[in-house]
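**Q** Let's have the full structure, built from the sequences with the hints guiding it.
Keeping their order, the protein sequence lines are chains A and B.
For the first sequence, my numbering gives the first residue as 1, with consecutive numbering after it.
For the second sequence, my numbering gives the first residue as 471, with consecutive numbering after it.
Heads up, a few of these hints could be off.
Here are the computed distance ranges between Cβ atoms for each label pair [what the hints assert, rightly or not]:
(1) B/Thr475 <-> A/Glu42: 26 to 34 Å
(2) A/Tyr129 <-> B/Glu507: 24 to 32 Å
(3) B/Gln504 <-> A/Leu221: 27 to 35 Å
(4) A/Met470 <-> B/Tyr540: 35 to 43 Å
With a straight-line cut-off of 27 Å between C-alpha atoms, the simulated DSS-like cross-links for lysine-lysine are [to be verified]:
(5) B/Lys555 <-> A/Lys317
(6) B/Lys479 <-> A/Lys261
(7) A/Lys318 <-> B/Lys553
Covered stretches of chain A (in silico footprint by chain B; criterion: 3 or more residues with CB under 8 Å from a CB of chain B, positions within the stretch not fixed) [claimed, not checked]:
(8) 20–30
(9) 34–43
(10) 71–83
(11) 136–142
Note that these hints are calculated values from the structure, not bench results.
Please read these numbers as outputs of a predicted model, since none were measured by experiment.
Just so it is clear, CB atoms sit at the ideal spot from N, CA and C, and this is done for glycine as well.
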Amino acid sequence: MDLDLKKLTKDLVKIVGKENAFTDKPTALTYAKDTMPWDVEEHNMPYAVVRPSNSQEIAHVLRYANEKKIPVHTHGSGTSLVGLGRPKTHCIVLDTGRMKELEVFPERGYFEVGAGYHIAKLRKALEPYNALLPAFPGSELVATIGGVVSVNTSAHAVDASLFKPGDYVLGMEVVLPTGEILQTGTESPRKPAGIEATKFLVGSEGLLCVICKIRMRLIPLPQIQNIVAYYNSTDDILDTVMNMYSQGIPTPMFFEYLDEKSSKVGFEAVGLEPPPGAVAMMAMHSQTKAGCEEKAKIFLEFLQSGHPIEAKIVTDKKEWNQIWSSRAEAGNYLYRLGSTFGSEITVRADKLKEAFHEAQDIILNLDSYKGNEFYSFGHIGAPTIHAYAFIPTKDIPNETKIAVAKEVREKTEALNIKYGGCGGEWGLTAQRATFLKRKYGEAYYDLLVKLKNALDPNNILNRGNLEGWM
Amino acid sequence: MDVNTRQDKIETLLKEVAKCRSCRFCVDVCPTYQASEGLESMSAYGRLQIIKYLLMGVLSFDDPLTYTLYSCLQCRRCENICKSKGQNIDICSIIQLGRSLLSRELLEGSGHEKI
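**A** See the structure below:
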């Protein structure tokens, strides 16, 4: 596109002010990159970055973009793991970072928050209201509530216990791609039944609207009892998860694990003695202390069927913090030691073990790289299998990184299809457009395209994601 | 980092910057990021990317780039979070080396007219 950058700058400055419109290359570049190993290429470079403060300014930007046929890429914090955060074409990046207003209405049972509020800060801001924020991305230090709702990710939480963040969204203020500002949902604790826009705009991954403000239910903070279980092998943990679902055992809020190798990395990272094998960590929740203790006791008894070396309730806060942190730190430290290539396989509960071993075989027999290692850790109780290819050096060519990332993605997504899963928490478009066609068929994909066209006739918003870019 | 020649500096910088996985955990602790209401090019992450793409030839020295590199306060809060989250990158040293390269360019008069 032949674009007059000076004119664009002038026009955008008129909309958001000169302090909030950037067309310099260094600023544009920092918004062009995500966690994927692909370097920024010329076609990823945004024309401009705008930082609106409210829905009216966003509406103005989108009307302008439609008139000029310039794509707009919405940016929360850019921490999505599968390419959603990266512009796929020259565009205006719309950074929601200035929309950080928060109002809490205890008497109404909800809070309203701007899309750019960071999750960790929001969790802290809700503490005085004794409220649980039902969003647990690993990137919560910087991830935004707008991004979480846009992808509708429960991340580390077990869906069967806590559902999805979207289930707690009462309403939203959004701007459609053509510039109309919509209020959706309700201000009542009672959610609308039937067809209602909140339901399909939550989780629409920035394809159908820009989420500006979110009204979310205040959830009373539950009581928690923590359990750690040490096992000889990961297989015992897989059996336990499968039995948990097949026997209808009440599920924990979190059910994380480290496989035999990851546990050593994670425990060492937090200063603990390496455990003998795999480790599972569970957080049991209930609204009352007595209920929580009872639930934890029942779960502890159930865990014995998986033959742990040891399983115990951990009440010491410091001890639990160390154990719990080891899960997060395993991933961080592995990355320090080399290069990791992740996958996300969410399978039928009764196929967990079978799928896990197939994933292990795939990772250990890659065509694109020989000699890598296999690690796995994460939200096994959800159930999610994160199977990682680990190469113990960072000194590998970028082309090799890309080849490994593609092979891991293609082969592990075949497992999602084979075993009834859909990928899960990392979003479904961008990297996964071809997966959608393979899993659900052309008619399903066409339906998404029609939906997109109906709301965004000029394909302005997040262009390239639904089309697929890998 | 004990480097003396320009080429050594470039190689050291590229090697160090390659460690960054763009997790952006460092952005929120950066005082200039906070002061700019969350502009990513004014964060440690942003500066690392800018240095990387400058060395790769995608970016060139200009006023915004100079401002970005020289606005770093060298407070090392980014390094603390980078260390605690596993990467342990010497972010401030990298930015210092980036500045040193920039200074040389400026001394040699690389068409940077406004300085």
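**Q** Now tell me if each hint is right for this structure.
**A** Structure-based check of all given hints:
no. : hint                              : verdict
1   : B/Thr475 <-> A/Glu42: 26 to 34 Å  : holds (31 Å)
2   : A/Tyr129 <-> B/Glu507: 24 to 32 Å : holds (25 Å)
3   : B/Gln504 <-> A/Leu221: 27 to 35 Å : holds (28 Å)
4   : A/Met470 <-> B/Tyr540: 35 to 43 Å : holds (38 Å)
5   : B/Lys555 <-> A/Lys317             : holds (21 Å)
6   : B/Lys479 <-> A/Lys261             : violated (36 Å)
7   : A/Lys318 <-> B/Lys553             : holds (21 Å)
8   : 20–30                             : holds (count 7)
9   : 34–43                             : holds (count 4)
10  : 71–83                             : holds (count 3)
11  : 136–142                           : holds (count 3)
Checked against the numbered hints given earlier, this structure breaks only hint 6.
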